[in-house]
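Undergrad: Please arrange chains V and B on chain F, whose structure you already have, making use of the hints.
Residue numbers (numbering that gives the first Met the number 0), protein chains in the order written: chain F, 0 to 390; chain V, 0 to 235; chain B, 0 to 165.
Because the hints were derived from the structure by calculation, they are not lab data. In this text, all values refer to a predicted model and were calculated from it rather than measured experimentally. Please note that the accuracy of each hint is not assured.
[Said to hold, decoys possible] Within a straight-line C-alpha distance of at most 35 Å, the following computed DSBU-like cross-link-like pairs (lysine-lysine) qualify:
| # | chain 1 | residue 1 | chain 2 | residue 2 |
| --- | --- | --- | --- | --- |
| 1 | V | K23 | F | K81 |
| 2 | V | K91 | V | K80 |
| 3 | V | K173 | V | K154 |
| 4 | B | K125 | F | K193 |
| 5 | V | K14 | F | K53 |
| 6 | V | K80 | F | K331 |
| 7 | V | K69 | V | K80 |
| 8 | F | K53 | V | K80 |
In case you want the letters, here they are:
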Amino acid sequence: MINALDQIFVLLKHWIVGFMPEALQPFVGIVLSVVAIVVVFPGLFALTTVLERKGLGRMQNRIGPNRTGPYGILQPVADGIKSLTKEDIVPVSADAVVHFLAPLVLVVVVFMGFSVLPMGRNMQLVDMDAGLLFFFAIGASTELSIFMAGWSSRNKYSLLGAMRAVAQMVSYEVPLLMSSVVVVMITGSLSLVKIVEAQNQYTWGLPHWYIFTPWGCAAFLMFAVAATAETNRSPFDLPEGESELVAGYFTEYSGFKFALFFLGEYLGMFSMSGLGTTLFLGGWSAPLAALNFVPSWIWFFSKVMLSICVLIWLRGTLPRLRQDQLMNFAWKFVLPMTLLNLLVAALWRFMGEGWLRWVVCSAILLGVYVVAGRTGMKRKHYGPRSYRYAE
Amino acid sequence: MLGEGILKGLAETAKNFAGSFVDKERLTTVQYPEERLPLPEASRNFPFLVYDGPDWEAGLRCVACQICEKECPPKCIYIDKSKDKKPDFVGKMQIYPAKFDIDISVCMSCQICVEVCPFEAIKMDTEYELATDDRFGGLLLDRHQLARSNEYYHKIHPTEAAEVDARLAEEKAKAEAKARAAAAAPPKAAPPAVAPSASTPATTTAATRPSVPAQAAKKEEVPSSPPAPPKEGEAR
Amino acid sequence: MTIVFWILAALTVAGALAAVTLRNTVHCALAVTTAFAGLALLFLQLDAQFAGFAQILVYIGAVAILVVFAILLTRGSETSEHGVFSPTWLAGLCIAAAVFALLGWAVLRSVNAIPQQVMAPAITVKDVGNALMTRYVLPLEIVALLLTAAMVGAVIVAMHEKGDVK
Numbered sequence: 000m001i002n003a004l005d006q007i008f009v010l011l012k013h014w015i016v017g018f019m020p021e022a023l024q025p026f027v028g029i030v031l032s033v034v035a036i037v038v039v040f041p042g043l044f045a046l047t048t049v050l051e052r053k054g055l056g057r058m059q060n061r062i063g064p065n066r067t068g069p070y071g072i073l074q075p076v077a078d079g080i081k082s083l084t085k086e087d088i089v090p091v092s093a094d095a096v097v098h099f100l101a102p103l104v105l106v107v108v109v110f111m112g113f114s115v116l117p118m119g120r121n122m123q124l125v126d127m128d129a130g131l132l133f134f135f136a137i138g139a140s141t142e143l144s145i146f147m148a149g150w151s152s153r154n155k156y157s158l159l160g161a162m163r164a165v166a167q168m169v170s171y172e173v174p175l176l177m178s179s180v181v182v183v184m185i186t187g188s189l190s191l192v193k194i195v196e197a198q199n200q201y202t203w204g205l206p207h208w209y210i211f212t213p214w215g216c217a218a219f220l221m222f223a224v225a226a227t228a229e230t231n232r233s234p235f236d237l238p239e240g241e242s243e244l245v246a247g248y249f250t251e252y253s254g255f256k257f258a259l260f261f262l263g264e265y266l267g268m269f270s271m272s273g274l275g276t277t278l279f280l281g282g283w284s285a286p287l288a289a290l291n292f293v294p295s296w297i298w299f300f301s302k303v304m305l306s307i308c309v310l311i312w313l314r315g316t317l318p319r320l321r322q323d324q325l326m327n328f329a330w331k332f333v334l335p336m337t338l339l340n341l342l343v344a345a346l347w348r349f350m351g352e353g354w355l356r357w358v359v360c361s362a363i364l365l366g367v368y369v370v371a372g373r374t375g376m377k378r379k380h381y382g383p384r385s386y387r388y389a390e
Numbered sequence: 000m001l002g003e004g005i006l007k008g009l010a011e012t013a014k015n016f017a018g019s020f021v022d023k024e025r026l027t028t029v030q031y032p033e034e035r036l037p038l039p040e041a042s043r044n045f046p047f048l049v050y051d052g053p054d055w056e057a058g059l060r061c062v063a064c065q066i067c068e069k070e071c072p073p074k075c076i077y078i079d080k081s082k083d084k085k086p087d088f089v090g091k092m093q094i095y096p097a098k099f100d101i102d103i104s105v106c107m108s109c110q111i112c113v114e115v116c117p118f119e120a121i122k123m124d125t126e127y128e129l130a131t132d133d134r135f136g137g138l139l140l141d142r143h144q145l146a147r148s149n150e151y152y153h154k155i156h157p158t159e160a161a162e163v164d165a166r167l168a169e170e171k172a173k174a175e176a177k178a179r180a181a182a183a184a185p186p187k188a189a190p191p192a193v194a195p196s197a198s199t200p201a202t203t204t205a206a207t208r209p210s211v212p213a214q215a216a217k218k219e220e221v222p223s224s225p226p227a228p229p230k231e232g233e234a235r
Numbered sequence: 000m001t002i003v004f005w006i007l008a009a010l011t012v013a014g015a016l017a018a019v020t021l022r023n024t025v026h027c028a029l030a031v032t033t034a035f036a037g038l039a040l041l042f043l044q045l046d047a048q049f050a051g052f053a054q055i056l057v058y059i060g061a062v063a064i065l066v067v068f069a070i071l072l073t074r075g076s077e078t079s080e081h082g083v084f085s086p087t088w089l090a091g092l093c094i095a096a097a098v099f100a101l102l103g104w105a106v107l108r109s110v111n112a113i114p115q116q117v118m119a120p121a122i123t124v125k126d127v128g129n130a131l132m133t134r135y136v137l138p139l140e141i142v143a144l145l146l147t148a149a150m151v152g153a154v155i156v157a158m159h160e161k162g163d164v165k
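So that you can see chain F by itself, here it is in the shape it has in the complex (with noise of 0.2 Å):
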């Protein structure tokens, strides 16, 4: 019973999937898989958005919005019928069919990235072997859309708010690649599957997660930090900030592209915080031994929701990065954290088993990032200015 609670949209599948002929089988059955995805996730869009401005309201001692249904339930509804009516205005020199594919190839690629997740127990889209590799190719390709849609709005702060988001993305993508790189180096797969299977055993009761370990944690905090900038989150969201660039590189859109590229923001949150649970908190693996009762789906998608608290909480507290300290942190700090942080995993595997091998990975891993910290927040002397054309 249990069993079948946990695996029973797989079961669903088999079942609607065995109505159909030989010939059609392989092809409905991923038909259907897609449509669950296309459906539940754009569904826990919708909540998200109630959950993030209410939260946001809470935190900044006010009610979010209360209005629309009990408790502002509705409000994404409201929100999506605004969207739809409202007037689309392409302007008169964009360029139609860039500005036209911009909002389609960034939902595009987004979705595609959720095939790989497993969500639960052998319900992943597709078991790809290099599935990591995959994901992280699909990522590199929502930069492409965000420049098409800057460039192609032939306005000039567009096309600055789709630079600084590029350079952005492109310098978090480094960081993101070699934490995650760690996870592979200790698991031995690329294979997102294999990678929580890794972490489904318990000792003690207590799991194996990979956040539980020193260089795990590091990863895992540094693996945050680059996904809250790839997916141009607060305190990242220079290129997109109200205040700075009269919302980046989607000024020029309005109405339900603008909806599409709103979308296509918060499935990229999904699907980071999806990857991040499943390399580092157990995928959809139950926290304590005793609690494997309960579905497994139900596990993964509470992590990930627990994520997207998280990430509404960072954005209700931090302000807004400038452009150099975004990049000045990405290049000068996380990068060389991430490279210690593999080799410290190095040294976490070949040490062997035993109590040694958390102090000294632990030690090396606080020990330098105290030091780093001491180092950067040093006050830079300033010295008399002397200015060139006024002397």
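TA: Showing chains V and B alone in chain F's frame:
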């Protein structure tokens, strides 16, 4: 240590989030159409005309002296004097404003009309929900719409209203005293009071009012008594 | 399977043709990105997983962005004054035909040299990784050194400009 500030900030926001459900101080939202913030006593928004007694037309304190119309900086008040006189709250015949219009969109709530009114007839109301969908007529309030009772004035500005009432009562008492003194003095003066003496009547006992209004007394009284409306009618 | 191949081939060729015939340079860059995507899908269709993913990751994720930045930071974004085709198109066509003939002859000769249809060995990413770390480790290190030198050079070139302003 790097990251300490972020953690402190996260703790503060978490406190805000959790506290907003239980603590009134952490959730200061006043949900407007259902709840309203209580206004301080000295707040002001738009003028109104005070009337004493039950009938607004009879008790209106305004005598159409047009001082407020002349002093108003954006000239939002329009007054038409009446041609006849009608008895006011205390029975004295006064001219009254036939038309008294104030334009909501022009008034800037400066309170100058209140400061210059010698009759305490116009005061500031705290009512701010004056929006209307009638762009032309709805923005011009006439005399009937502007009239509010003295009890209403006490309700919205208690200390101010008490002060005004005290002042008015004091003036009334002074006028009464003068009237009684004037009425008591002339009978003491020489009966051949054909020569109108400009001297003020001396202080005397509080004699009863002479029921026979003497002509001389009238002439002597009129220049000396203050122009307070109540109680003078009888002295005349 | 062949229908998929024809669709992908049509996509790639269309992208490549668009890249040389369109007037607007940024459109050309986007068309060449489509050609890259078509190539990556062809690799994946041939079960060369690593080649396919690396093509997407490197070409579309990095090279296309680089091309686009280069177009924008120079004056290439203006449309060319004199048409898309250069005056010496006939010579270009002859050279292109010669290269095509050479390549086609080489490919056909190698196909005929293989005696029978052998199953292509499935090369997984793991096999590529193993080979890089055992048999080809020296070329790997040399390429890494080359990339480091290139990056250091880029940083020096960029820094020199900032130093000049003072």
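Undergrad: With reference to the structure, classify each hint as holding or not holding.
TA: Against the structure, the hints come out as follows:
Restraint check: the Cα-Cα separation between K23/V and K81/F comes to about 34 Å, which is no more than 35 Å; the hinted pair holds. For the proposed pair K91/V and K80/V, the alpha carbon gap of about 17 Å is at most 35 Å, so the pair holds. The hinted pair formed by K173/V and K154/V meets the criterion: a straight-line CA distance of about 27 Å does not exceed 35 Å. Using a Cα cut-off of 35 Å, the hinted pair K125/B and K193/F holds, with the two alpha carbons roughly 14 Å apart.
Between K14/V and K53/F the alpha-carbon distance is near 15 Å, which keeps this suggested pair within the 35 Å criterion. Taking the CA atoms of K80/V and K331/F, the gap is near 82 Å; set against the 35 Å cutoff, the hint is violated. Restraint check for K69/V and K80/V: the C-alpha separation of about 14 Å stays at or below 35 Å, so the hint holds. Using a Cα cut-off of 35 Å, the hinted pair K53/F and K80/V is violated, with the two alpha carbons roughly 58 Å apart.
The structure is inconsistent with the numbered hints 6 and 8, although it conforms to all the rest.
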